[in-house]
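If you want the building blocks of each chain, they are given just below.
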Amino acid sequence: MSVPRLELRHVTKRYGDVVANDDVALTVAPGEIHAVLGENGAGKSTLMKVVYGAVAPDAGEILWDGQPAEVRTPHDARALGIAMVFQHFSLFDSLTVAENVWLGLSRKVALRDVTERIRAKAAEYGLDVDPLRPVHVLSVGERQRVEIVRALLADPRLLILDEPTAVLTPQAVDKLFETLRQVAASGCSILYISHKLDEILELCHACTVLRGGRVVATCDPAQETTASLSRMMIGAEPPRLERRAAKLGPVALSVERLALPCHDRFGVPLEDVSLEVHAGEIVGIAGVSGNGQQELLAALSGEDPRADAGAIRLFGEPIGRTGAAGRRRRGLHFVPEERLGRGAVPSLSLATNMLLTRQEALRAFGWIDRAALRDQASGVLRRYWVKAAGPGAVARSLSGGNLQKYIVGRELDAVPKVLVVAQPTWGVDVGAAAQIHAELLRLRDAGAAVLVVSEELEELFALADRLHVIAKGRLSPPLPAADATVERIGEWMSGLWAGGPGRPEAVAGGPA
Amino acid sequence: MNELALLIAATLAAGTPLAIAGLGLLLNERAGVVNLGAEGMLLVSAVAGFAAAHDGGSEWLGFLAGAAGGAAVAAVFGWLVVWLNTNQYATGLAVSLFGSGFSAFVGIGYVGKQLGEQPPHRVPFLADLPFVGPALFRHHPVVYLAIALVAAAAYFLYRTRAGLLLRAIGESPQSAHALGYGVRRIRFAAVVTGGALCGIAGAYLSVVYTPLWVEGMVAGRGWIALALTVFATWRPARILLGAYLFGGVTMLQLHLQARGVHVPSQFMAMLPYVSTIAVLALISRNPLWIRLNMPASLGKPFFPGA
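Protein chains in written order, with this note's numbering: chain A, 1 to 512; chain B, 1 to 306.
None of these hints come from the bench; they were simulated from the model.
Pair by pair, the computed Cβ-Cβ distance ranges are:
1) B/R285 with A/S378: 42 to 50 angstroms
2) A/S397 with B/W83: 19 to 27 angstroms
3) B/G57 with A/G341: 55 to 63 angstroms
4) A/P318 with B/W83: 53 to 61 angstroms
Even for Gly, the Cβ is constructed at its ideal location relative to N, Cα and C.
Just need the whole structure built from these sequences, with the hints factored in.
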């Protein structure tokens, strides 16, 4: 047995009374793709921060190539050859992609060379990245691609990836796996954090399972099944989704020939977008991020009220020019893709964040009934199994998945007539995702109209009664879920439906 | 014609200290630190510069002392704000008040003193050209230095990696820290550099522009320089433009008063300040412009590892 590239021994990290990592051991061999599996709050992110030097452990040691290593700062980690793709992206909004990457490289290179190297690296790995675009116009998915390219450009010896496939088309995931295998074959070890069990089975050579901050199992994925992995991770198998036949009601939300020019020159203009969502059904919109999802969601939620009044109708009533609050009063609720900043105010408590979309705790003259507000927030925490210190916890202190459960819970709790959801389970683990899916289906069965915009096909197949695909600001015709296949949707993601925008350059990672 | 040339010349002279001070403040704001102590730094450096020039007998000694004084006050401010995480606004105001009191106290002995006569400045050959000669080429070297500094700062911010890093830190210190950069060290360096530039501006006021020391002689120019950074949406070339605009309006109103225009002088004296407010209001009409240029972490403390 060769010397392990990375070995962690007895790593412990406490935050106050909470033990994030408890006596954790982890061994990664050279060229190994090692999965770290665990629920939200199981301590995966903290452990990765310890490896990357962003967090100092209270106890334990790190061995690099068999030698004890001091990883006190990210700088130390990078000097050893550790690169990381962050879950909460660490990009500078006002700078271009190339400038961002430039700052991440330790060697002295000219900016022009960086631009070229990004193009080359992106092409090599089938990642669609334009080095000259400023980061603030990029969607979450595009930002992640930038992070991946940046990490690869440093020629790392250990690459840490945190939920890297969440925002890729199936074809692009295959391509990414190919390249990750290629990277691993060249000797670089990979720490792969994911909650997608089938991906771990397909890709990884070894797997460490965390639960409640402790290592509960170390296994060879080749010997496991999704069911057995799931049992190790949450102690139970995920509940099966119960799907009943849809009972279609009248049209609740309709969009007719919606066209919107972009806000700034890097946005995606919407062209001729038409769709209908009936009461009692879930309609899904698939597509690679950055193809107009942000713009469509802004138009539907009321954040962007520039549409023709009649282009968007809620129960027949024109609402194209109505603001978000007005739409909410009429029964349309919205879960944005961006949790911190759009879905919640990071520095405010969960209870206070309730007030963003819910006014039940408001009394005459705008007084807040604090007790009622806390009760309301506690109710959502309990019903949707959110792990948080309580309604007084600051939104920023929750893990991504838990905050997502809270935000989805807040909107579901309002019993909306129409719910528009973006990326309902992005970065959420299996157990929590199954909960959110079950709740969305329950809402549909109760007669609400639900529109789900997601980049995860599996999720859309599990939920939607009908599917659209968005590509280059245009929307495909609807496809009954029964007729939808991964191959067909994958092709449509590149705009290849009859009358679609064809194969835009902007969407790489489609079928080659 | 000749009058216009003199007006232009006066404008450049009046705009120069604003441009240099504004540029210094722009650099530390780009790193995410807003220094409301500008007025105090200008006053301390003005008295330091005057004292050094008077006692040492050399203008350049004055500028050196001014830069050192500004940098010293900025270093105290930076130590408090960057390392001890005190509130930037409160600390800045305190520095401002400290500076005016301290400079008045230290400067008592220099009130009414005069500096030795300086020979007039002339750019060879060009100074003799009609009109443009008196307008543009008979200035103190520091007037030209201001322009060179602005060009250098623009090059630094947009063409060098160090400048990019400075902007990145102002944008998101957390991300820069995650990439392994010493955020506090760089912020502190930016604050001290900004202080040194303010110091040069202060020395210019007391050594060249006025040239004498009077208590409170900076007369709000520190605040105007702070407003200039917003006016310029944190871009160096616009600092220069704003400084000359402000200097021009100041000179124009003096000029009009001298010509006996029938408007109460109080209203005329308001003109530069009113124009500052008007321009700030106009700039705020374009939110995207502000969003793209304003350092996102401006005024916020940074705790590494938090």
